[in-house]
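Trainee: Sequence:
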Amino acid sequence: MRFSIASFNVKNLIGPDREYYRFQSYTPEEYAWKRDWMASQLVDLDADVIGFQEIFEEEALADVVGEASARARTLNNAVIPARGKAYARKVIFDKLGVTPWDDAALAFAPNAADAGVPGERRPGLAVLSRLGFVGAPEVIQDLAEPVTIPFQPLRGMDSGLDAGSYTLRRLSRPILKVRIPVGDTALTLFNCHLKSKLGEYVTPPGARFAPEEDLT
214 MRFSIASFNV
224 KNLIGPDREY
234 YRFQSYTPEE
244 YAWKRDWMAS
254 QLVDLDADVI
264 GFQEIFEEEA
274 LADVVGEASA
284 RARTLNNAVI
294 PARGKAYARK
304 VIFDKLGVTP
314 WDDAALAFAP
324 NAADAGVPGE
334 RRPGLAVLSR
344 LGFVGAPEVI
354 QDLAEPVTIP
364 FQPLRGMDSG
374 LDAGSYTLRR
384 LSRPILKVRI
394 PVGDTALTLF
404 NCHLKSKLGE
414 YVTPPGARFA
424 PEEDLT
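To convert, take the position in the sequence shown, counting from 1, and add 213; that gives the numbering used here.
Quick caveat, the hints were computed from the structure, so don't treat them as lab data.
Careful: at least some of the hints might be erroneous.
[Said to hold, decoys possible] Here are the simulated DSS-like cross-link-like pairs (lysine-lysine), alpha carbons at most 30 angstroms apart as the crow flies:
| # | residue 1 | residue 2 |
| --- | --- | --- |
| 1 | K224 | K408 |
| 2 | K224 | K390 |
| 3 | K408 | K247 |
| 4 | K247 | K224 |
| 5 | K390 | K247 |
| 6 | K408 | K390 |
Based on the provided sequences and hints, a complete structural model is requested.
Mentor: Okay, structure coming up:
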């Protein structure tokens, strides 16, 4: 069985007039442009399973997927001949068509740190699957058992010294775990949005960026 998987960081998907970060929101026109662009990308990808990052609201993603499905149907009507045509079974038409996501399963993982406060939102994840899911999707963020991670001693220090540790109780971003039926088995997929190290640099007073972020 052949199928395709794609990963898509959508860069802050949220509905119009909704402030996600401080003083940052989309006008209705900007949202319409983003929706249009994303729908075009989904049709071009034509992937069976798609992992999305930076999703603030499930409704906005469902809106994009609905638009992409409508475009897929329009495309199919334009390029795929009716079944009664003598040449309708040519393999090339299988390549030209795009399967809409009308019956696809959508799993959304909101960020546990997102309280919905305007300007202080936190992004989540989603997985869209034409193949559906086996069992319920699982969101991993708040750890049932805290994880203690030891620091390594600095170079030149006695390796037996206690260099300290930190305890992790919650991930800053969720991990979305889904199981996808593939033939007579199931594939386990983890959708992660890894944290950029740029956010850890210190911005000097009065500066717009940290020195490490200036790549010019």
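Trainee: Does the structure break any of the earlier hints, and which numbers would those be?
Mentor: none
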